[in-house]
Every structure is written in C-alpha cells, then in structure tokens.
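Undergrad: The chain contents come next:
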Amino acid sequence: MTNQHTTYDVTKFHGSVPASQDIGIVINEIIADIKAHQTSQTVKPGGDIYIPVGDYDLLTQVVIDISYLTIRGEGHGFMSLSIRDNTPDTSGWRETVAGGSHVKVKLTGAPAIVTNRNGTQPRLSSIEFRDFCMDGLHFSGNGNSYVNNKTGIYVEGDCDSFVIRGMGFVYLEHALVLEGADATTIDGNFIAECGNCVELLLASQSCKVTNNLIGGGYNGKSIAAAGAEGLLVAANNVFPRGGSLIELINSARCSVSANRLAGFYPGMIRLIGTNETLVAANLVRRQNETYGPFQNYNNGLQETYGIFRVQGDNNKISNNHFLVDPQGYTAADGPIIVINAESGIYNWISDNHYVLAAIPNLQYVAVRLGSALTQSKVIYSGSSAQITDLGTLNAIVPNP
Amino acid sequence: MTNQHTTYDVTKFHGSVPASQDIGIVINEIIADIKAHQTSQTVKPGGDIYIPVGDYDLLTQVVIDISYLTIRGEGHGFMSLSIRDNTPDTSGWRETVAGGSHVKVKLTGAPAIVTNRNGTQPRLSSIEFRDFCMDGLHFSGNGNSYVNNKTGIYVEGDCDSFVIRGMGFVYLEHALVLEGADATTIDGNFIAECGNCVELLLASQSCKVTNNLIGGGYNGKSIAAAGAEGLLVAANNVFPRGGSLIELINSARCSVSANRLAGFYPGMIRLIGTNETLVAANLVRRQNETYGPFQNYNNGLQETYGIFRVQGDNNKISNNHFLVDPQGYTAADGPIIVINAESGIYNWISDNHYVLAAIPNLQYVAVRLGSALTQSKVIYSGSSAQITDLGTLNAIVPNP
Amino acid sequence: MTNQHTTYDVTKFHGSVPASQDIGIVINEIIADIKAHQTSQTVKPGGDIYIPVGDYDLLTQVVIDISYLTIRGEGHGFMSLSIRDNTPDTSGWRETVAGGSHVKVKLTGAPAIVTNRNGTQPRLSSIEFRDFCMDGLHFSGNGNSYVNNKTGIYVEGDCDSFVIRGMGFVYLEHALVLEGADATTIDGNFIAECGNCVELLLASQSCKVTNNLIGGGYNGKSIAAAGAEGLLVAANNVFPRGGSLIELINSARCSVSANRLAGFYPGMIRLIGTNETLVAANLVRRQNETYGPFQNYNNGLQETYGIFRVQGDNNKISNNHFLVDPQGYTAADGPIIVINAESGIYNWISDNHYVLAAIPNLQYVAVRLGSALTQSKVIYSGSSAQITDLGTLNAIVPNP
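Chains as they are written, first to last, in my numbering: chain P, 80 to 479; chain A, 80 to 479; chain V, 80 to 479.
Hints listed in this document are in silico derivations from the structure and should not be mistaken for laboratory results. Heads up, some of the hints might be wrong.
No distinction is drawn between identical chains; accordingly, a pair holds when it is met within one copy or between any pair of copies.
Simulated pairs of lysine-lysine, DSS-like, Cα-Cα distance not exceeding 30 Å [claimed, not checked]:
no., residue 1, residue 2
1, K114, K91
2, K114, K183
3, K114, K456
4, K91, K185
Whenever a hint applies, use it, and build me the whole structure from the sequences.
TA: Right, dumping it as structure tokens:
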C-alpha cells in the first residue's frame, strides 16, 4: 500500500505495448498498477494519467473502476473532418486528421472508455477527463452518415462529481453518455461532428452542461437527457445540425438558459413528459440546411411537430428569441409552428419574440396550444393572429 | 535574485518533512524559497506549486504573502462523506475517503490556507488555486453537524484577480472565505458537504461566482456576500441543503442569473439591505428535506420569512421559476410565502412563475408586499389571489 | 516523421537564445522543430509548449502556422499596473510588475503572437492559449493613455475551434484580435487595463465569449464583433472603463445574456447594423468616472447617443436592469438616454427596469424611439413619461 504521488505519462509507462499502438491497453495497465499500490480502504487517492500531445490508437476498451482518476491531455485537437470528407481533393492540405492529445478510436461496437464500479460501493466519484481528443476517424459511407458504431466515453451505473472539461470529440456516433450521473460537470468541451453529443440517461440529478460548443448529426441528439432532475444547461453555443438540440424526456425541474441554439429542423427543443422546467433567455435560430452535401438529409420530422415541442406540465418558456428563416420552403411545407405546446397543464409562455422570414405563401404559427393543453398562459408571445389555441381554459395576452 | 523557472512538486521539494506528513510546512518552505530567490521589486513572477494526486496531511497553516502563486493539483477528489457517515456499514466499500490531490485538513481553529500581505503594498494579485481537494475529514458528532472548526482557504485583506477553479471542498465548516476581493474568479469548483461554501466578506467588487456545483449545510451559507458591489453569480447548480443559497447582505448592483437553486427551507434567496440587484432566469426548487438522517434539522426560519426574502430598494426579480413542493407540510406550517418583499422602495417583480404543490389545507402566497414596501411593481407574477399587498403605492398586474 | 510525444518547456529547449531573453525566438524555433518532425499529412498532432512561471521578454513575433498547438503557462499573473502608474511613490511596494508565466511584450508595431496559415488549407484548428500572462508593460505618456502600439494575440485569416482560456492580458493596446473565427472559445480570461480587449473581426461564427473578467480603456472596446453570426456573450463581468462594453457591428443573431456590465460613458452597448440579436438578463451599471486620474478622459460620445444604442432590426432587448448614477452631472449634460433605439424595424424591448439617480435638474429618457424606428414594441420598459416615441407604428405598454 502506497500513498501514490505519481503522474503516469502514457508514453513513459512500461506497458506491454507502446501507447501509440494501443493506448487502451496502456491505460488499463496503469489502472491495474494504481490498484496494486492502493489497497487500503482509506488510502485510495486515485491517479493521474497524462496523454502528451501525439497520436494514439485505441483498440482496446479502457475500463475504469476506481474513483479519483484523472485522464488528461494538452489539446482538444478538433478539426472539421466533415469539411475534409466533403472536399474532393485534399492532397494539398497540410493535415487531414485531428490532433492534440489525439486518441484515435478504432474500437467499434463498444465504448472506447467505460466507467463502471460493477456493483461495489460506493459510487465512482470524481473521475475527470480533460483536454484530450477522442476521434472516431471516419463515418460509414461517404462520411456524412454520422454512423460508425463508436462511442467515446460511456459511464455505466451511478456516478458522482465527474468532470468532463476541455475535451474534444469528433466523428463518434456517441460522444459522451452518462447513466445515473450525480452532480456531473460537462464544461468547456468541443463536441462536434458527432452523431450524438451529450446523453444523460436514467436518473441523473444536479448535473451541469455549461459553456460547451456542441453540434450533433441530423440523426442524433446534441444535448439530451432522460429522467433528469435539476439539470442546468447554460451558456452553450449549440450549432447545426442536431436532430434535436435540447431534448428532455421524462425529466423535471431542469433549466435551459442563456444558450445560443442553431438548427435545421423541427424538434430543435423538446420537452416530452417533462415538467417544471425553465427555458429562458435563449436565442433559437432555425434555418434549413445550408451545406450542400447534407441537403438531402434531415431528422424526418414534419413542420407540425414544432420547432419547440412541449408535452408536459408547469414548464416556463420565457424571454427567448426565435429566428426562423427556412429558405427554400414553400407553402407546401408549412405552416411552420414555432412553439407547439401539444399537451399538458399550467405551462407559462411569456415574452418570447419571433423573427419569421417572409417567404411567399409560407405561413407561421408562433404558438400552437394543442387540444390537450389546458390552463396555460401565453403572454406577449405573439399577436392574436400568430397564436392558435385549440385547448381549454388557456389565457392569452397578445402582443400590443 | 533569480528569474525563477521552476515548478515546485511538493513531493520532490527537499523540505523539513515529507509533504504527506504536513503539506503545510512544505508549502511554507517553498514560499520561503521563492521569496529568497525573488528579491528584486521588478522580478517577482511568483511560483507554481504542484500537488500530485495523493494524500497529504495538513497540520500547519499555509501563509501566502506573495502574489502570482499558483497551487494546483490534478483532481478535485470529492466523494460524499455524508453518505459514508450515514451508511451503517461501510466495511465493504472500496474506499471511504476522498481523493485526488487530496489535502487532509487536520488543522482546526484556523484556516488551512490564509493569504495576507500584512499591510504592505500592493494588494496580493493573481493567486490561483486549481484542481485539488481540501477535505475536512469529519464533522463533529455523528457527522451531520457541519461543524468542525475547519476552514479551507481564507483570504485576509484586499486582493485582486484571484482564481479558484476546479477545486473540491468537502467537510469544511467554511470552505472558501474572501475579504475585500476585487475581480476574483470562483469558477468550476465542487464545493459540497461544507457548512458554508463561498463567503465574500467586506467590500468585494466585480467578482464572479460561475459554473460551480455547490451545496452547503442546513446551518450555513452556500453563496453569501456582504458589502458586495457588482458580484455576478451565474450558471451555478446549487443543491441542498443550504441554510441559505444566495445571501446578499448590504450589497449593491449584483446579478444572480441563470442558476439552478434547490433547497429545503425558507430563506433560500435573501437580499437584505441589498439594492439595485438583478435576480433573473433562475430555477428555484423548494422541497422539504428528503434524506432521513437530516430530517430533524433545518435553518430555524419560519415560513413567514419567505423562500425569497427582499429588504432593499430597486431590485429586479424577473423571469424566475419557483417550484414548491414541501411534502409533509400541513396547514399548521403555512402559509408558505414564496417572494416576501418585506420592505423597500421601487422593487420590480415581473414574469415569475410558480408551481405550488397541492397539499391538503396548505396555503401559499406567491408574492407578499410588506407594509414597509412602497412604489414597487408586480407584473405577471401571480394571480390576484396569490398576491398580498400590505404596502403603499405599489402597482400590480395580475396573471391573466 | 515522428509521432511527437513531447512537451516543450521554453526554459529547457536548446534554442539560439534563452527564453527569458526572447521567448519569441524560442517559440518559433520550437514550432520549426515540431514541423521538422511532423511531415506526414496524417501525422500532425501539433505540439505543447509550456511556459513555467517566470519572466520572459518577447522581442520577436511568434508566428504560428500549425494546428493543434497549445501554449500554456501556470499563472495569468495580472496586477493593476494602472494603480501602480497612478501611485506617486511605489518604492515601498513588494513588486511593481505583473507575474505568473509572464511574457513581457516588448515588440511594438506588430502583434506579439500571430497565427496565419498563409493561404494553405485547411484552416488552422484547435490552437490553445492557456494560463499565461501577456503584459505590455507601459502605456505611452503618464500610463493612462491605453496606447503603446502593442497587440497580444492576432489571429489572421480563418480559424476553427481555437481556445483562449485562463489567460491574463494587461497594458496592451489590443489584447486579443481574431479574424474569421469559427467556434472559438474565449473563456475564463482576465483581460483588463488594455485599450481593446476582445475584438472579433470579419465573419466570425458560433463563437463564445463567456465567463471572462474584462475591462477596456476609455478609448477602446471591451468586447467587440463585426460581421459576427451567432456569437454568444454570457456570464462575463465587464468593468470600467470601456469606451464601449459590448459593440456588435453588422452582426446578426448574437446573444448577450447574463452579463454584468459596468461603464462610465454613453455607448456602453451598441448594436449598429446588427439584427436579430438578443440582449437579455444583463445588469448594466452606468456611473461617471470614479477614479481621479481618469476623470479628464471619456469616449467622446454625447448623452444623446444613448447608454444602449440600437440601429438595426428585429432585436430583442429584455429583462435587463439599468442602473444609472452619473454623479456630478447637471441638467446641462442631460437628458441621459438609456435605450436609444435610433432606427430599425421590429425591435422588441420588454421588461427592462431602470434605477435613475435623482440629480437636480437632470432628466432621463428610459427609451427613445427615433424617427427612423418603426413597428417596434416597448413593453413594461418605462412609464409613459419615460418613453419618447418619434417613430411610426410602434406600440407601447407603459409601466403600471
């Protein structure tokens, strides 16, 4: 038993293979070494694994079952692989791959990194991932599929006080998935050109997704949570595409504030079975796809779904700015519904503003209150003509 | 005199004791070494002290009297000691202590780390604390007292441009206290299971408490300031318990925005003698204590105090979402007052929404305007029945 | 060609000069070394340059033309050089210069650090600057000019996914200038006592300026963008002086939310030729200059300009708190206009509140709608007496 005071540099650890050949094996061997040296219940400070700037293949899944493990690099290393894959000739380019502390995820069918205590107690705590790049390298087909059966980090089982900060994720079908996260910080990351970016599953609580740059695939989720309680999503810049940008399913008491959200399809924001949630002071930009190679793709939803879909109770949707400019649309595509409060009770929709591009014959509905919506308020969130109320006992204060 | 270019690793510095035995002595000796080498008024770059992942006792107070000192580790190392202390048998647990770059604060009666220029000029500037754990180890009694006479970091006297980032604090009666802080950054920290978490005393100005996960004791303060000017509290996820969550005393022109706040008692947010302050776009969740071992404790305030208490002038309280679900309450406990604007002039309360759980016989007041409140506005922040106006010259626009 | 796994410590690299003598030469030689070792198009992970705490002269411009380069220190090292320069006798001070990882910018007439791909493809990606200090040392004249023809970092040409985090900038005429930035993160920096702090030029998109402490000169810009699309400015504490604090020129769909802004002159916030932008949940504090040595300086604008100036369409200005206390003013200086919506169409101004200090004979206009402003709304943002409408087809809901 030792009071470990060592940083493990993956390039200097005497593992069974060089880290460049399979960093997965090396990290697993480092974890085994940490565990061999920290056998007392009261002396388990964990470890610090350092990935210098460089290229590292990952062929073997990293399995983390100890708390207080930090894995860190010195560069998030993103580059746009999508622009690369849609450029006919890159032979003259200086580089054609991502970089930084660059983990090349070659493992398919299972997450590159998994954390799991395997049923022992207590929960894993304070694992930190910082400042390195997880790169899925290629998507299947022409590179525009967002599909490659690769996942960056998967947190299985409950966890506490994890930190994911300053990371880069690119070309992964799933970048970051956490089950049962308690008080997790996902801050300052660059997660783009991934199918799905941030997925909080099962019963997360008091988590924080802040200050990230995020852009998911047309067939994926940018920031999604299911069964979340008290999630804070603030100060993110979420850009296209994103099949959904903010998707909260069966969640409660979450807050989505001060974000800039830009997307291409209906269903940008979804509160489905989600209650008591605040969506405030966000800028929401809806265009149609602007990049030629992706103009044949979308998320399959109809305009009737709504750019912002609500099915739930007691939500507050206030002080948002909706900018809708679906160039290329025609009357056949419309009307476009901005906020579609499909069902629920006691929702509060106030002080939202809309910029709706004038397109010949295209109609808009600013707020639609569905027939299963009741006892909700719409205050200064559209003119009378822009609001459709099919529900019961709702109250509307139209724009002056 | 030397142009110092050294990182001091506390485990490699040849101090009079090993860092694991008393990191306080070692850091003080390092500081003395830095000072011995930096004697010119114009060559004082400061120093960089590195705490590798490991366990370190702190028996001796660290005294910092030089600017530009960074003390950093590689892991915030929090674990829930409270769950440990309330679990009857932890003999099967993998670990029972916190970790990371783990400073075990064994010093009582005085702060573990103090910064103080002792009257010389200029103010201390740009001291940084990053990515290590300060752990008070135990609370007195059964572990649920939040009392142990231990303080993590105490900044005495004026300071400028300090940074506290990525730190973990656990089981300290006071985690972080700053006097006279100018332009301090408190960002991305994990401060939980501490009696008091962030305390800004005396005349702080232009400080920033952002992006933190914070949870104080039932008898303590989560984020508190006295005499603050221009404090920004944004994008924090503040969870229970917290005797108070946001407490601004005799402060002015502060901003509390885009936070998620969850607590168990009246007095969650307090503006006392505080003026011209903005509280906007926050989610405020009030329950009763949910965890058995703490259900006998509270902060001693009556419901008449208000969940959000205002005594001051010219404050703006807008676009907040209040979720109140005090299970177990009865009519005898109520009515519950959400916003209690007790006294002051020209307060502006607009576009706040409430979710008030239906509990038999329990009454709520959404907004109470006290008899000493005057010339204030309440706009779309409650129905007529939910608002009590005992003051003078106030104007109310009730919910439609 | 090598799969580089090295951190370059500028004090240990065998360059042609010591880093303390000219860190510019040393970094350029390191970059040349990286390039010499990374010649394959598919093995270009970049590099990691470490600046230990210490003092370093910079005489030679650093030219970065490779992606994935991190330059980092361990301390942002700010001190107030302005207080120093306005203190008659500093002979008793402990130190009189900034510190940390302290780059002393002695180069004038050209940026200290420039990034430029020089026309080759792809764009530079993922260059990171973290945790060091760029110090311009002196301003011309008595130190209060904000002029010295020095620039910290200048990004020429398009770039992608850059990160500037934890940096300190002081006494630079221009701290940080980026052209054509895509998805850049400017987070957690301390940028003060610089003429101009953050300037985003040309066609930036999806950038993020968050969580910074920023204070520009009376003749400069604190946070400025021209031609920006989708910029997010959130959770910053921007303090005086700042000729302008938030200046968006010919930009669109930006979001300015949850900031605290304090300044001394008209023109604190400017949307000029800027459309579809959200300014929400900010605290805006206007005083007159409070510090004697600067009371003869200002930004040259008349009060008729407005504290918040709007020339553009479809902007939303909501839920802000304006605190105006221009001590020393007289009727001759007034009236003071808070929001001056000079021209444009479809602007939405809602739920703003004002604290206007009572000064003998001084008049205020809370909202002025200019003669070229049309079809805009003003809702609960001033009493009838506080609003001047010179435009056409605007609608006003005055305070109750």
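Undergrad: Is it within, between, both, or neither for K91 and K185, if the alpha carbons may be no more than 30 Å apart?
TA: within (22 Å within a copy, 35 Å between copies)
Undergrad: From the Cα coordinates, with 30 Å as the cut-off, is the pair K114 and K456 best called within, between, both, or neither?
TA: Intra 57 Å, inter 62 Å, cutoff 30 Å: neither.
Undergrad: Is the C-alpha distance from K114 to K183 at most 30 Å within one copy, between copies, in both cases, or in neither?
TA: Close inside one copy (26 Å) and across copies (21 Å); limit 30 Å.
Undergrad: Cα distance capped at 30 Å. Does K114 pair with K91 within a copy, between copies, both, or neither?
TA: Intra 19 Å, inter 23 Å, cutoff 30 Å: intra and inter.
Of the numbered hints given earlier, the model fails hint 3 alone.
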